[in-house]
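Sequences listed follow chains A and W, in order. With the numbering used here applied, the first sequence covers 1 to 296. With the numbering used here applied, the second sequence covers 1 to 267.
A few of these clues could be false.
[Claimed, not checked] The following label-pair restraints were derived from C-beta to C-beta distances:
#1 62/W / 131/A: 26 to 36 angstroms
#2 33/A / 217/W: 36 to 46 angstroms
#3 144/A / 83/W: 29 to 39 angstroms
#4 99/A / 48/W: 37 to 47 angstroms
#5 19/W / 192/A: 53 to 63 angstroms
#6 48/W / 62/A: 12 to 22 angstroms
[Claimed, not checked] Chain A is faced by these chain W residues, among others (derived, beta-carbon under 7 angstroms):
#7 13
#8 20
#9 22
#10 32
#11 36
#12 108
#13 112
#14 121
#15 201
#16 207
#17 241
#18 243
The set of hints was computed from the structure by calculation and includes no laboratory data. We put the beta carbon where it would ideally sit given N, CA and C, even for glycine.
So the chains spell out like this:
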Amino acid sequence: MTSRPLPRSVVGLALLLPALIFLVVFLVLPSVILLSYGVLTQSQGGDISLPLTMGSYERLVVSETYRRVVLLTLRVALVTSLFTALLAYPAAMVIAYGKPIFSRITMILVVAPLVVSVIVRTYGWQLMLNNSPTGVLNWMLHALGTGPTPVRVLYTEWATVIASVHVFLPLMVLPLSASLGRINPSLNEAARILGAPAWRAFLRVTLPLSLPGLVAGVTIVFSLTAGSYVTPQMLGGTRGLMLGVLLEQQINTSFDWPMAAAIAGVMVVIALAANVGVGWLAERHALVRAQRSGAR
Amino acid sequence: MASRLSGGGGLVTYLLAAAVLVFVLAPLAVVVAVSFSTAPLAIFPPVGFTTSWYEEVLANDEFQSAFIVSVTLAVCSTITSFVLGMPAAYALNRWNVPGSRAIEAMLLSPFIMPILITGLALLQFMAMLKLRDAALGLFIGHVLVTLPYLVRTVTASLKQVDRSLEEAALTLGAPPWKVFTKVTVPQIVPGIAAGCLFCFMVSFDEFPLSFWLSNAETMPLPIFLQNSMTKVFDPSIAAISSLMILTAAAAVIGLEKLVGLRRAMSV
């Protein structure tokens, strides 16, 4: 060999550099610029410059309307995560423990909608929840004979919740089924042999041991719901106004970039808090439990 | 191991899972059903049976150009994500790069950022640089969105490669690039293919980013679909949607055949 080989870390960095530069230039830098608008002032002519101000953030907190949107966004994200978790367990249990044929079918059918555009799925929910008697839900209620008045779900936050559960369910089922699959089956058998009924073995053995998957799923679903735009825009109406839609209105209707940037700032904080905070809480919880069991 | 879902509890679980599957499939089934309806409005229950909405949609110039834009965009961003992401994922998993955990978090960071904000930030950035080319903006944006999927899938495949084979090749004197092409790549080809297919679908379906960056001349299919929804209320919308469901179904079958869905989703 004529030349000395390059140190491994140099080659590694060279391989990483193109992707990193691309992300820094087109994601990090633009995001920092956009978020900085949140603390700048917009002139009458639309130029954004100094002086620094917390005015936009202040309006988000002080104004009744804006504060309601922030709280509604958090509430929809939370309720969606809860319902998604409830629906995900049976499907994930079948994927992890069911007969191979059922496991495979469930996996395919649950995951398949993930690659269907969110526009198409939300359109499906428009047809399902339509407030007139020609919506699927109202048509079914009518066929069941529950009375003449159609229920009005479309253009409320509940329509957003239902469709968001549908859109994000696969992202809960996947980590959950992986987590369930890693549980040692003899633990559950031991509980059953010692006389625990199936539901109790589930609650005391399976559920606690599947928490890592649940935490991962809730993190994803919560942050994606809080940051979503399509579903609340098409299904939520004015009553179900969420941060993403409010941001879009600030740009396209009010031309208020500092306000839009402040909303973006809040959305980024929510997403970061969900991703970093939940992981941190879970780690701390595990640590506390380890210490407790060590003390015993 | 025998099936762990047995007895009454198992039956209840199966029934609940079946109910969940009905919930998952119902809105898609309704869209497909309505697309064949002869009624002039997209209402339920569908009336009669016709394929005329499909004929109308497929003959529509705007649909055709939106479809071509979407496919071109998906192919270009998948290839670019591969070119950028493949070496990066390899370096993270095989070369001792300082701070590799932070770099990996950085590469996956587009997952955390709400895409609506990624798109708006990019739109503003392009405007600052006086780059008012919708096609270029869409291309860059779609690479941002697809890149983390490729990195994640390739990383998952690399972790399953038998390292001792690579080490054996290195010990026997093969140069690193040869170990990569002759030993590593053959083992991760299905993973790479699944990652690329996934990138293609993510780009093909993308809405909140294209929403900012597209214009009337360069309009991807999901944007065209959403625009049509605000103007047209007949089942042609359902027909376009059904065509997109069909594309997705083909992709899912492809993923299942290539590596199995479970591995494709890297769990």
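| Interface hint compliance - residue 121/W to chain A, C-beta minimum distance less than 7 angstroms | holds (4 angstroms)
| query | Once the shortest beta carbon distance from residue 108/W to chain A is found, is it less than 7 angstroms? | reply | violated (10 angstroms)
| said: Next item in the hint list is residue 241/W. Is there a CB on chain A closer than 7 angstroms to its CB? | reply: holds (4 angstroms)
| task | With respect to the beta-carbon atoms only, verify the hint that residue 62/W and residue 131/A lie 26 to 36 angstroms apart. | result | holds (30 angstroms)
| Does the CB of residue 243/W sit less than 7 angstroms away from some CB of chain A? | violated (9 angstroms)
| request: Mind checking the CB of residue 13/W against every CB in chain A and telling me if the closest is under 7 angstroms? | output: Where the cut-off is 7 angstroms and the nearest Cβ of chain A is about 5 angstroms from residue 13/W, the hint holds.
| query | Measuring from beta carbon to beta carbon, are residue 19/W and residue 192/A in 53 to 63 angstroms? | reply | violated (25 angstroms)
| Interface hint for residue 112/W, Cβ within 7 angstroms of any Cβ on chain A | holds (5 angstroms)
| task | Grab the minimum C-beta distance from residue 207/W to chain A and call the hint holds if it beats 7 angstroms, violated otherwise. | result | This hint holds: residue 207/W lies near chain A, its Cβ roughly 5 angstroms from the closest one there, short of 7 angstroms.
| said: Is 29 to 39 angstroms respected by the C-beta to C-beta distance linking residue 144/A and residue 83/W? | reply: Because 56 angstroms falls outside the window, the suggested range is violated.
| said: Just to be careful: measuring from the Cβ of residue 32/W to every Cβ in chain A, is the smallest value less than 7 angstroms? | reply: This interface hint is violated because 9 angstroms lies over the 7 angstroms limit.
| Proposed interface contact between residue 20/W and chain A, which counts if any beta carbon pair is under 7 angstroms | Where the cut-off is 7 angstroms and the nearest Cβ of chain A is about 5 angstroms from residue 20/W, the hint holds.
The structure fails hints 2, 3, 5, 6, 9, 10, 11, 12, 18 (numbered hints given earlier, in ascending order).
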